[in-house]
Structures are given as structure tokens and as C-alpha cells.
Amino acid sequence: MSDVSNNGGAAKPKPSKLNPNVVPMPEQDAKVRAGNFDEVPTGYTMEMAQEEASRCLQCKNEPCRPGCPVEVPIKDFIGLLRDGDPIAAANKIKETNNLPAICGRVCPQEEQCQAPCVVGKKGDPVSIGALERFVADYQRDHGDHDAAIELPESTGKKVAIIGAGPAGLTAAADLAMIGHSVTVYEALHAPGGVLAYGIPRFRLPQAVVDSEVEMIKKLGVNIEYNAVIGKLFTIDELVDELGFDACFIGTGAGLPAFANIPGENLNGVYSANELLTRVNLMKAYQFPEFDTPIKPHNKVVVLGAGNTAMDCARTSLRLGAEVTLVYRRSEAEMTARIDELHHAKEEGVDFQLLTNPVEVIGEDGWVKAVKVQKMELGEPDDSGRRRPVPIPDSEYEIEADAFVVAIGTSVNPLVPNSTKNLDLNKWGYILADPSTGATSKPGVYAGGDIVTGAATVITAMGAGKDAAVAINRYLGGPEPEVAEPEEEVGTA
Amino acid sequence: MHKIVSRRVLGQRVVELEVEAPAMSKKAQAGQFFILRIDETGERIPLTFAGWDPEAGTIMMAFLPIGKTTNHLASLKVGDSIRDIAGPMGEPTHLEKYGHVVFLGGGVGTAEALPVARALRQAGNKVTVIQGARNEDLLMYEDELAAESDQLLIATDDGSKGYHGFGLDLLMKMIEDGEQIDMVHTIGPAIMMKMTAEKTRPHGIHTVASLNPIMMDGTGMCGACRVMVDGETKFGCVDGPEFDAHKVDWDLLMIRQTTYKPEEEASNERFKKIQEKGCECEPASDPDSKVKEVAGN
Ligand SMILES: Cc1cc2nc3c(=O)[nH]c(=O)nc-3n(C[C@H](O)[C@H](O)[C@H](O)COP(=O)(O)OP(=O)(O)OC[C@H]3O[C@@H](n4cnc5c(N)ncnc54)[C@H](O)[C@@H]3O)c2cc1C
Ligand SMILES: Cc1cc2nc3c(=O)[nH]c(=O)nc-3n(C[C@H](O)[C@H](O)[C@H](O)COP(=O)(O)OP(=O)(O)OC[C@H]3O[C@@H](n4cnc5c(N)ncnc54)[C@H](O)[C@@H]3O)c2cc1C
Ligand code: SF4
Ligand code: SF4
Ligand code: FES
Chain Y
3 MSDVSNNGGA AKPKPSKLNP NVVPMPEQDA KVRAGNFDEV PTGYTMEMAQ EEASRCLQCK
63 NEPCRPGCPV EVPIKDFIGL LRDGDPIAAA NKIKETNNLP AICGRVCPQE EQCQAPCVVG
123 KKGDPVSIGA LERFVADYQR DHGDHDAAIE LPESTGKKVA IIGAGPAGLT AAADLAMIGH
183 SVTVYEALHA PGGVLAYGIP RFRLPQAVVD SEVEMIKKLG VNIEYNAVIG KLFTIDELVD
243 ELGFDACFIG TGAGLPAFAN IPGENLNGVY SANELLTRVN LMKAYQFPEF DTPIKPHNKV
303 VVLGAGNTAM DCARTSLRLG AEVTLVYRRS EAEMTARIDE LHHAKEEGVD FQLLTNPVEV
363 IGEDGWVKAV KVQKMELGEP DDSGRRRPVP IPDSEYEIEA DAFVVAIGTS VNPLVPNSTK
423 NLDLNKWGYI LADPSTGATS KPGVYAGGDI VTGAATVITA MGAGKDAAVA INRYLGGPEP
483 EVAEPEEEVG TA
Chain R
-7 MHKIVSRRVL GQRVVELEVE APAMSKKAQA GQFFILRIDE TGERIPLTFA GWDPEAGTIM
53 MAFLPIGKTT NHLASLKVGD SIRDIAGPMG EPTHLEKYGH VVFLGGGVGT AEALPVARAL
113 RQAGNKVTVI QGARNEDLLM YEDELAAESD QLLIATDDGS KGYHGFGLDL LMKMIEDGEQ
173 IDMVHTIGPA IMMKMTAEKT RPHGIHTVAS LNPIMMDGTG MCGACRVMVD GETKFGCVDG
233 PEFDAHKVDW DLLMIRQTTY KPEEEASNER FKKIQEKGCE CEPASDPDSK VKEVAGN
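Here the protein sequences come in this chain order: Y and R.
Per my numbering, residue 3 is the first one in the first sequence, and the count goes up by one each step.
Per my numbering, residue -7 is the first one in the second sequence, and the count goes up by one each step.
Just so you know, the hints here were simulated from the structure itself, not pulled from any lab data.
Note that the Cβ used here is the ideal one computed from N, Cα and C, for glycine as well.
Short derived list, chain R residues pointing at chain Y, Cβ under 10 angstroms:
hint, residue
1, ARG75
2, THR211
3, THR250
The following label-pair restraints were derived from C-beta to C-beta distances:
hint, chain 1, residue 1, chain 2, residue 2, range
4, Y, GLU239, R, ASP174, 33 to 39 angstroms
5, R, MET(-7), Y, ALA209, 23 to 29 angstroms
6, R, LYS265, Y, ALA209, 27 to 33 angstroms
7, R, ASP174, Y, ARG388, 55 to 61 angstroms
8, R, MET(-7), Y, GLY367, 38 to 44 angstroms
9, Y, LYS347, R, LEU87, 53 to 59 angstroms
10, R, MET(-7), Y, GLY145, 28 to 34 angstroms
11, Y, VAL391, R, LYS89, 54 to 60 angstroms
12, Y, SER156, R, VAL70, 36 to 42 angstroms
13, R, ASP222, Y, HIS344, 41 to 47 angstroms
14, Y, LEU153, R, HIS198, 56 to 62 angstroms
In the DSBU-like style, the derived pairs of lysine-lysine whose C-alpha atoms are separated by at most 35 angstroms in a straight line are:
hint, chain 1, residue 1, chain 2, residue 2
15, Y, LYS301, R, LYS264
16, Y, LYS373, R, LYS226
17, R, LYS239, Y, LYS301
18, Y, LYS62, Y, LYS123
19, R, LYS239, Y, LYS370
Hey, can you work out the whole structure from these sequences and the hints?
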């Protein structure tokens, strides 16, 4: 909380001169939060939000807007907030984004909407994400969470959505709003996809996910849990036997990758998915009130450089371990959001960069240490990044009783392999038209991580939105009022 | 929600539940399994399909109460419900006409014997079922298996019924007696399956084992169920659960199965205490809730 006072002097109403500094969001002290699963940034007050909103210049050409994958009307919502109407602001965002409370928290704003913000040229860009979060939370807390949902007339068309992640939920909501009958089939027992099993509660509280899903259910969307498509039903059966007129596949990229080094099957080695699912979805941090166990490890080594790696490191800290994060390149190449990287450092994660694990060393079947090798950056590789090369004789061991592999995911073949005439790329991802989600199979659309590979929440939502527009066209439904129709490329 | 429509105790201790699961009952195949979660605080555990009835829209499970979840499951009554059941999971038993197939089931592994024996027989095989158990109380489906197989042999470790010794001994006798055996399908404790693989290997008898690693999602998402087969990492839930028994790294499987031993025991003890008290409410101060204290909440 002490962070806020740095800026306290400027907290007068209507600052006449532009403040180059962002209004910082209060957050739990690093020492305290490293011992709990409560959300780290605690959110703006109305005063702070309005002060931050007043830093926006209301640019006519809105350079920020194209930075957002779903083109949230940023200038307009910030204007409404500045003028004291957060609920109208929230509704404004919802014209293009159904899940603002989530996006405000997890979007990589520094690369998206906030990157082109003109205020950012001289100082800090407007904190668009924080404002988005504020208005969405305000609306939820003030009982006006989509109070005015009017269910449209039914079109009589049935659409099946496979996967209740951000892509599937967004497509479901948009299609239901037009009046199509929508059933979501979800393999797990809870909705949200990565939002439920991957992203930890200290970044995205359960209540936020729940309330967004409630809103989608209010639109009449039916969610069938424990329904593993490819096993319980195939896509072909959904169409041919269960009478669905169209399908949207949003099954994500859920298959965990391992590092392929010796010792990876020892007890105490986890995929990021296993660790995070135990803790987030199964609530193992509340064992034994919840039955799913998690080992109380003392020293955890996490491998990876993205949001997932940060989440694993910070989760392990909260479970009581000392955490070392290893990554073979340098900080500049890390893909995690800057905020998350800073949070992890503040909380005490030890970063050992330019360090690559070569072996997990075991004793009696359990992890005892991770053998690593120092790296240096050499010539640029195909991706344009300097290639890490091992430094000879630089190996050493990091003592550990757990090793968490957070180096990415690949496609889960259950749906792709069980669906006839569905074209895939060489890695097994579904080939879909980037602007409509149309696949090689008429009436079957796909979007999100199952098409692009691991990406972001907002791009998955954007894909769900685009597909909803295209599916509606395919079904000959009424043109929705808000969505911007894009040129449809045939469903060949 | 899956309502329990019938409950039986097979032998003395194995519990069989029949539950409503209409869609699954039309899709289940021999050798597949499902993952259930009893209630909101429950763990996801895998159980094999012991049977299914597409007309009634039900599936069957048979299990031995050994830990928290199976004990809780055993305490449920007809009319109660199981919150989540996901399946069918895993690849079905590979079916072809081998000739003479021996199904060697140990302990509660025999739960899947009925559908597997039936399917193998329908594929044109002669099927011998060997059911091994520690004692007579743990035997199950004897009449049904006798009817569904060409031959049923019983072995108990303590000799309380049938042959006095291991089921594997009976298989070995058949081999030594020169009986033609074209395939062995085994399921049971890992140590039993390992020993079976070692015994059939020198005779070149194709042997398939249904593995039971610790699982969570059952869809290939978490990797908890990793097993090594032929030097390669496989996911038990989607690549299996059946693998070539001669290629499985059995020691790894056995070690990985023990990952959560202390936690499982603590959880089961706690459950027993709560049950004895006759209510599901929280004991005032719980000595087991260390993890929670470390983690905060
Ligand atoms: C730990 C972690 C942290 C992340 N942090 C961020 C972040 O801070 N910001 C950000 O923008 N992005 C982040 N991401 C990425 C982001 O979460 C994903 O890009 C996004 O969730 C993809 O959405 P999706 O709808 O395509 O798939 P998913 O979210 O993966 O959802 C897919 C759903 O489909 C279900 N499913 C799969 N197979 C089947 C089947 N056969 N039948 C039925 N259902 C099925 C799954 O159970 C799941 O619920 C993170 C990812 C991870 C793993
Ligand atoms: C594919 C498959 C099919 C199975 N079919 C049957 C069956 O038909 N009947 C039957 O009685 N048992 C079956 N099992 C074993 C059953 O899943 C475990 O007995 C059960 O999970 C124990 O849970 P518990 O809480 O009662 O006991 P716990 O005290 O938690 O565990 C006892 C032992 O069971 C195993 N186990 C624990 N949790 C899991 C888990 N999540 N996944 C797998 N194993 C676990 C471990 O080896 C553990 O040491 C099967 C296992 C697999 C993998
Ligand atoms: S949805 Fe994400 S990228 Fe778009 S404006 Fe909101 S925070 Fe920025
Ligand atoms: S670019 Fe920045 S200042 Fe301009 S409208 Fe967008 S948020 Fe406001
Ligand atoms: S149980 Fe999670 S991948 Fe097999």
C-alpha cells in the first residue's frame, strides 16, 4: 500500500497538467502475499480510477484501439469513467469484449492497447487494463452486472461449442445473444479453460471467472461438463446424430511439453499443467479440506520464461518452497508479462538466467537436484533472437526436491484426430481461416490456442468473436447489431 | 449428477455401484475407464468400466475401499449421486483373433474382466479367466465370469478358495503343461503385472497389461500419468491404459504410484474420524491441516 503514497501529492481532483506517471494500483505487500493466494493488486478506488482516466487525452484517431485484438472502444469507455459513469463505461467495453474483468487483469497490455498510447511517448501510458478492470469490478460489485439482458428471439438453430475456455465462452455468448441455441461441451468439471486450471487465483480470483460465466449462462447458454469430445461424442456425431447445425472448436493447446532430459519421470517432476491444475482447479492448497494432494516441497526449480513459468514459481512460493527459476536465454527474451516478472522477483523467486537444465538427478526415485549448464548468447537464430550456446565445463547442481517444467504446450489430438476431413497443419493444429475460423469442414469453425498455438486470452476471445459472426452468417441468422462484419472467406 | 441406482457388495468387500450415465453407457468399450469426482471437494479418480447397460442408461463400477475416495464412494447409498463422471477415457482393448487368450486378473483388477473377456470372446478367441485374490472375501463376479468365459480358474493367496497360491502360478502351470496360449491380458497390482511379464517373456507370449498410474484429468493435459514404455514416455490415460507388458518400465510405475502415500494416508485417517463422528463437519482443530497453514488461504 505504501506504493500509492509516492503519487499521493497529485491526488487532487482535476489535475490541470498531465501527470506523466501512472496512478499506481495498490497491492499486497510482497512478503505478505507470498504466503497467501489472495489477489496481488487490490484494485483502484473510484478516485484513483478517475484520476488515471483523466490522464487520457481522448485522442481523435484513437491510436490505442487497434492495439487491442478486439478493438475495445478505449477512448469512449475512459471518457465515460472520467465523467463519473463507470457502469456506462463497462457496458461500452462490452460492445466488443464480454470478459473485461478478466482481460483487465491478464492481457499483456504493454504489448497491446497500451503500446501505441500517445501519453506513453513522454511518460507512462494510460493504464487501460487497470481502468478496464476497475469498471468491470465496479459493475459486478454494484449489482448491475448485465442486469438488462434481454433474451433474443430463438432462431431455431443449434450450435455446439467444444471447450469452455475464453474462445469457446466468447463464441457461445455472442451466438446466444443473436438467438441461437448454444451448448458448450467441456471436458473438465468446471468452465474457464486456462482461466480455471492454469492462471492462479492470486492473479485472477475465482469470483471473477465465476461471475463472467454466470453472465454467459444468463444468456441461455447450456454448459455440459465432463464431456470429452472425441470420446463421448465426435464432432461428426454432434452434427449427424445430435442435430447441431454448426460447431466451434475451442479446445486450446493443452498437452504439456517436457524438456526431454534424463530424470524427467522422477517423483517430484511436474508439468506446469499438473502443478497448476492441482492447485487452481482442484484446490490442493486447501488439502485436506479438498481431497487432491500436493507435496509440500522445500526447494523447487522451475524451467521456463513465460507467464506459465511465473505462475508456477509464484504458486510454489505460496506453498512454502524456495524457488529458483532457470531459463537458457536472458531476461530480454522472456515472454512473461512485465508485471508478472516483477511480481515474481519481488516475492523472492531466484532467477538463474542463461542457465539450462541438462539432467534431473534422483535418489530413491525422488528428485534430489537439477543439473544445469551456463549458457551465453551467440549468433541470432531463425527467430532473430541470439541463440544460447552452452559454456563448456560450466555445469553445476541446484539442490531441489521438485522440478516444474513450464516450457509450453502442444495440441491435444483428441478432437483433431477423431474428426473426419478436418485439415491440420504439420504440428497438428487445426487449419482455420484467420478472419472467420472456418475450417476445411463445412459448418465447423475453430479458434483460440487450438488454431494459433499457445497465445493470449484476448486473442482467443477475438477468434471466438470472429467465428460467432461467421457461424451466424453460415446459419443465415440475423446480423447482430454490434459486431463488425468482416469479409467471409468461403468454407471450402 | 449421476444417481446411484443399485449397490451390491461382491464377495465380502468389493463394492459394485450402478449409476446413471446415459451418454457414456452407449459409448463405453472393453478396457476403457472413467474419472469421477464425488463432490465439490473431491479428488478425481479413475475407475474401470465393470459394465454398462445402454438401454437402462447406466454404467457399472467395482472397487475395493482402500483410501479416502473409495471409502467415501463405498459409503454412498442407492439414490445418492456422484457429482462428476467423465468418460469413456483411454483406448479400448485391442481386439483380434489370437486363438487362446488368458485373462489374468489380480485383486480389484478383475473389475474389468467381464467386459474384456466378453469382447475377446466375441472376437473369436477362446478365453480362460484366472482370478487371483488374497482370500475368498475379495473374489468377485465368479458366476458371471464362469458364464462369460470358456474356463474360470480361481486362486487365493491363503487357499480359502480354489488353488492355494497366486493366479500367476496357474498361468505358469498352463504354460508348463504345454497348453497353447496366444496372448495374456493382465491387470492388477503393478508388482503382479511385472512378474507376469517376466514369466511370459521367455516363452514369447504376447502380453498386454492395463496400467494404473496416478491420474488427474484423464485427457492428456497434466502428464501425471506418465509411464515409460519401450524407453519412451507415454501418457497412461490417452496412450493407454493398455501397453505391451514386456516393454513397460515397471519399477518406475511402482515408484510413481507412491508419490502421495503420506498425504493419502492422512486424508483417509481424517475421513474415518469424520465418519465416526457421524457428520461431515470440520473437527475444531485439525492436526492434519499443515499444508493449509503453510499455504495460507
Ligand atoms: C499458466 C498460464 C498462464 C497464462 N497467462 C496468461 C496471461 O496472463 N495473459 C494472457 O493473455 N494469456 C495467458 N495465458 C494464455 C491463455 O490462457 C490462453 O491463450 C487462452 O486461455 C486460450 O484460450 P482457448 O479458449 O483457446 O483455450 P483454453 O483456455 O485452453 O480452453 C480450452 C478448453 O477446452 C477444453 N477441452 C479440451 N479438449 C476438449 C475436448 N476434447 N472436449 C471438450 N473440451 C475440451 C479444455 O478442458 C479447456 O477448458 C496463460 C496460459 C497458461 C497455461
Ligand atoms: C485406469 C485405471 C483404472 C482403475 N480401475 C479401478 C477399478 O476398477 N477398481 C478399483 O478399485 N480401482 C481402480 N483403479 C485404482 C483407483 O483409481 C485407486 O484405487 C483410487 O484412486 C484410490 O483412491 P483413494 O482415495 O480411495 O485411495 P488413496 O489412499 O488416495 O490411494 C491409494 C492408492 O491408489 C492409487 N491412487 C491414488 N490416487 C489415484 C489417482 N488419482 N489415480 C490413480 N490411482 C490413484 C495410488 O497408487 C495410491 O497409493 C484404477 C486406476 C486406473 C489408473
Ligand atoms: S481487452 Fe486487453 S488489449 Fe483490449 S483494451 Fe482491454 S486490456 Fe487492452
Ligand atoms: S492513445 Fe492513450 S491517450 Fe489517446 S485515447 Fe488512447 S488511451 Fe487515451
Ligand atoms: S491423467 Fe493427466 S495426462 Fe493423463
